[in-house]
Every structure is written in C-alpha cells, then in structure tokens.
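Undergrad: Residue numbers (this note's numbering), protein chains in the order written: chain A, 1 to 113; chain B, 1 to 112.
No wet-lab data here; the hints were simulated from the structure.
Keep in mind that a hint or two might mislead.
[As the list claims (entries may be wrong)] Computed beta-carbon distance windows for the label pairs: (1) Gln53(B) with Ser93(A): 48 to 54 Å; (2) Arg31(A) with Ser69(B): 26 to 32 Å; (3) Glu58(A) with Glu14(B): 46 to 52 Å; (4) Asn28(B) with Glu58(A): 36 to 42 Å; (5) Thr13(B) with Lys79(A): 21 to 27 Å; (6) Thr15(B) with Thr76(A): 47 to 53 Å.
Every residue gets a Cβ at the ideal spot worked out from N, C-alpha and C, and that includes glycine.
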Amino acid sequence: EDQVTQSPEALRLQEGESSSLNCSYTVSGLRGLFWYRQDPGKGPEFLFTLYSAGEEKEKERLKATLTKKESFLHITAPKPEDSATYLCAVQGSRETSGSRLTFGEGTQLTVNP
Amino acid sequence: DAEITQSPRHKITETGRQVTLACHQTWNHNNMFWYRQDLGHGLRLIHYSYGVQDTNKGEVSDGYSVSRSNTEDLPLTLESAASSQTSVYFCASSLTGQETQYFGPGTRLLVL
C-alpha cells in the first residue's frame, strides 16, 4: 500500500524567510511524485511532477526535489501570497496503482508580512 | 478554455435523502476521480473511472455510487445521506499516460 507523510503539519514563516517542506513516501515502483497547492475554499492546483531521484523543478520561488525516499519543496524568500496548503501525492506502479494517486495530509504554510 | 466544474458548490441535505453531486470536464480526459477531504484525513479516494461504462471503488466507497455514461461527466450519488458524509467533495480528471490530475472547485456538503 502506498503511503505519503508530510511534515511539518503547519509552518509559519516571516516574509523572506526561506524554508523547506518534506514529503516522505513508500511506494511500489514510483511513476511520479506530484506537488499541489490548495488555497482555502478551492480545489488543489497542480504545481510539479517529479519522475526520478535527482530530478528538480522550479517555479518562481518554489523548487521541488526528489530522492528515493522523499521529496522537498523549497520556498525561497516567500511572500504572503505563498500562504496555502501544499499537498504531495505519489503514483505507484501501473499494476498496483493504475492512474490513482495517494495523497499526504498536507502542510499548511502561513507567510506573515 | 478546457475546465472541470462541479455543482452545486454548496449543499445542505437531511439524513436519509439521496443526493447527487455533478462533475463535468471538457478536457476529454478518460480518467475521472471523486475524493472527499476532511480535517485529519487529507484527500481520500471514493470512486474512479477509466472510461465510459467503467467504474471502480476507492478506499472510502461505502454509501456512494457513480456511473459513467459519457466521457465528460461522472456524477457521485449518496444513496442515503448520513452525517458522516458531511465533507468537501472534489472531482478530478486526468489522461492516461500523462497522469497529472486536475481538480474541480469542490462541493461543500452538510448532512443534518
């Protein structure tokens, strides 16, 4: 059974204070690790897909990295508009997971001005 | 622009009533999914479909059903609503081979 654990559950940062969110996973045959952003009252919004260990992807102040056991979402010099819940999800092998994703519970990020 | 919509956005119902939540996507995605999101549990998969006439149970399917009669729609039915089904429901879709799921705006359901 695929499992995803995100930490911390909540994180408060001052504007400009860089930090990282963690996503640890166990999966049979990782095909993809996905990061989403979710604002209050809205659906999750896709950010990145990582496919293999060592891969990195960037978007504005966000950079996602992947190892064989975990992924990090690095936030550089965050702004208040980066405040949201960040969700991590994994997709295992086609035989065990098909097109399903398994989600973590998310990290609620608050960036204070 | 292609999109995924859900209706209604908010619903209040009574215990025992049948409720149907609509999901419509215009991306021509073959895969569609229904999740519920609750504090302390994250997103949990209710049902999913890989194409017309295909439906599958997810991890929390008891008390829910879906049917897929065309590519665009996957309605979720609560056969007899229970207070434990009070939640926020999200629909998502994806294309086999690309696998990124795109989510709708959600339906907030309150069962009294």
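Undergrad: Could you tell me which of the numbered hints above are not met by this structure, giving the numbers in increasing order?
TA: 1, 4 and 5
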